[in-house]
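Engineer: Same order as they appear, the protein sequences are chains D and F.
The numbers in the working numbering rise by one with no breaks, and the one at position 123 of the first sequence is 143.
The numbers in the working numbering rise by one with no breaks, and the one at position 215 of the second sequence is 235.
No incorrect hints appear here.
Derived DSBU-like pairs: lysine-lysine, alpha-carbon spacing no greater than 30 Å straight-line: (1) Lys107(D) x Lys107(F); (2) Lys55(D) x Lys69(F); (3) Lys55(F) x Lys65(D); (4) Lys133(F) x Lys133(D); (5) Lys133(D) x Lys107(F); (6) Lys107(D) x Lys133(F); (7) Lys65(F) x Lys55(D).
Over the 10 Å line for every Cβ pair with chain F, so calculated as not near, a few chain D residues: (8) Glu47; (9) Ser67; (10) Pro79; (11) Arg158; (12) Leu186; (13) Gln188; (14) Glu207; (15) Arg220; (16) Pro221.
In short, the hints are calculated from the structure, not lab data.
All C-beta atoms, glycine included, are put in the ideal place defined by N, C-alpha and C.
Number of protein chains: 2
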Amino acid sequence: MISQTEENYLKALYNLTYLKGEATVNEISKRLDIKMPTVNSMMKKLSEKGFVHYESYKPLKLTEEGKKEAALIIRKHRLTEMYLVEKMDFAWDEVHQIAEQIEHIHSPEFFTKMDQLLGYPTVDPHGSPIPDHNGVMRSENYIFLDTCEIGDVVTLMAVQPSSKELLQYLNTKNLELGTTLTIHSIEPFDRSITVSYGNRPAEVLSSKVTATLLVRPIS
Amino acid sequence: MISQTEENYLKALYNLTYLKGEATVNEISKRLDIKMPTVNSMMKKLSEKGFVHYESYKPLKLTEEGKKEAALIIRKHRLTEMYLVEKMDFAWDEVHQIAEQIEHIHSPEFFTKMDQLLGYPTVDPHGSPIPDHNGVMRSENYIFLDTCEIGDVVTLMAVQPSSKELLQYLNTKNLELGTTLTIHSIEPFDRSITVSYGNRPAEVLSSKVTATLLVRPIS
DNA sequence: ATATTTTGTTAGTACAATCTAACTTGTTAG
DNA sequence: CTAACAAGTTAGATTGTACTAACAAAATAT
Numbered sequence: 021m022i023s024q025t026e027e028n029y030l031k032a033l034y035n036l037t038y039l040k041g042e043a044t045v046n047e048i049s050k051r052l053d054i055k056m057p058t059v060n061s062m063m064k065k066l067s068e069k070g071f072v073h074y075e076s077y078k079p080l081k082l083t084e085e086g087k088k089e090a091a092l093i094i095r096k097h098r099l100t101e102m103y104l105v106e107k108m109d110f111a112w113d114e115v116h117q118i119a120e121q122i123e124h125i126h127s128p129e130f131f132t133k134m135d136q137l138l139g140y141p142t143v144d145p146h147g148s149p150i151p152d153h154n155g156v157m158r159s160e161n162y163i164f165l166d167t168c169e170i171g172d173v174v175t176l177m178a179v180q181p182s183s184k185e186l187l188q189y190l191n192t193k194n195l196e197l198g199t200t201l202t203i204h205s206i207e208p209f210d211r212s213i214t215v216s217y218g219n220r221p222a223e224v225l226s227s228k229v230t231a232t233l234l235v236r237p238i239s
Numbered sequence: 021m022i023s024q025t026e027e028n029y030l031k032a033l034y035n036l037t038y039l040k041g042e043a044t045v046n047e048i049s050k051r052l053d054i055k056m057p058t059v060n061s062m063m064k065k066l067s068e069k070g071f072v073h074y075e076s077y078k079p080l081k082l083t084e085e086g087k088k089e090a091a092l093i094i095r096k097h098r099l100t101e102m103y104l105v106e107k108m109d110f111a112w113d114e115v116h117q118i119a120e121q122i123e124h125i126h127s128p129e130f131f132t133k134m135d136q137l138l139g140y141p142t143v144d145p146h147g148s149p150i151p152d153h154n155g156v157m158r159s160e161n162y163i164f165l166d167t168c169e170i171g172d173v174v175t176l177m178a179v180q181p182s183s184k185e186l187l188q189y190l191n192t193k194n195l196e197l198g199t200t201l202t203i204h205s206i207e208p209f210d211r212s213i214t215v216s217y218g219n220r221p222a223e224v225l226s227s228k229v230t231a232t233l234l235v236r237p238i239s
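Taking the hints into account, I'd like the entire structure generated from these sequences.
Structural biologist: Laid out in structure tokens, this is it:
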């Protein structure tokens, strides 16, 4: 059995790693507002249970099983948010706290029923994708930046695969998750793309970079 | 703050005492399937917190505050059951396990919304009354047996006030909570009532007894 | 390249909620 | 009325999840 507390750690790790495939003890500590030693020992425990790859002083990763567990919790969270908005008439900004609690309910029938009553939605009220009942996130909404066209306006959602070097490169360009990009031109020769975002001059991104950036078109 | 565990003890105590005003450590132990020493120390803790009257070797009682807390949890449970049946199309026998979990959700708005969507119901799908938002159980459905009429068919719901002697008397008559009674005659002189129930000859109950028995008419 | 800071780990403590074993009090049957 | 049994209590151990203090490793800045 997996406790509510453990579920919260898995979820935090999933969300933190969604971007770059790994996360640190420190990041989890900050996100959950729990001190680092507590996080550290919980990570060892989750490693024992087969949900996390743990090695001393190395960044943390979820195992495939850990990813699935986490995705299923996120599924419950997002289905709940959708249900609260669609069927109970809550505003989109009121539902998070309630969903944080209901996501821990153990009852497959309950969430299956919600899913059914909602007509099997694929995104929650905030546009985030809802994983399916096998924990697979159908990120249909996310596409690689190198598949976009001139004039598209997109939001940076994830980086896959990622490397330290790539993330450092993105930092120097002030490119972070959630940044909204406008595509100005695409160079036919090397497929490099010129984008603008924030209050800064346009930037040119090579195809090596654009092939790793997952974005969501603003539509 | 009151933990989920504490809530379960309060609810158990409320249900056990509803009938006779008090309950024993042993009864709670059996109902929750938790060993007596654990129950004992939890009762002391709840006493510290002002929810329970605890005295060594004496039966347990809820304080007014304890009753209110418990009733509010039961309110959440019964509202949830009603919601699951009415709005989510669950069968009446599928909802208990889910409600056991949802009753612990902390979100006044969530339950207020349920109440509203259900049109402010006063009983749950099993006919049990739903306490109001102040924790007051409007037991309008329960009436004293001495106010019934010939031909009425009723279910014994509670005994108030109760005494050891009265309960022993009821035991000798095989009268227990949930027993369905049919009223055959009422003696005008002393208002004693003749009833039948189960596979046994009719019994005569004195007005002293009938004035303490709370019943729900079967309608 | 080394000193400083940040991050990660270990060790030991605390508290909530559970247990078992042993003892005490209360109840009940001869 | 007392012996036996049931119920209640105390003491001490265990597990899960948190903490602080102290130390170790890694990253960073001068």
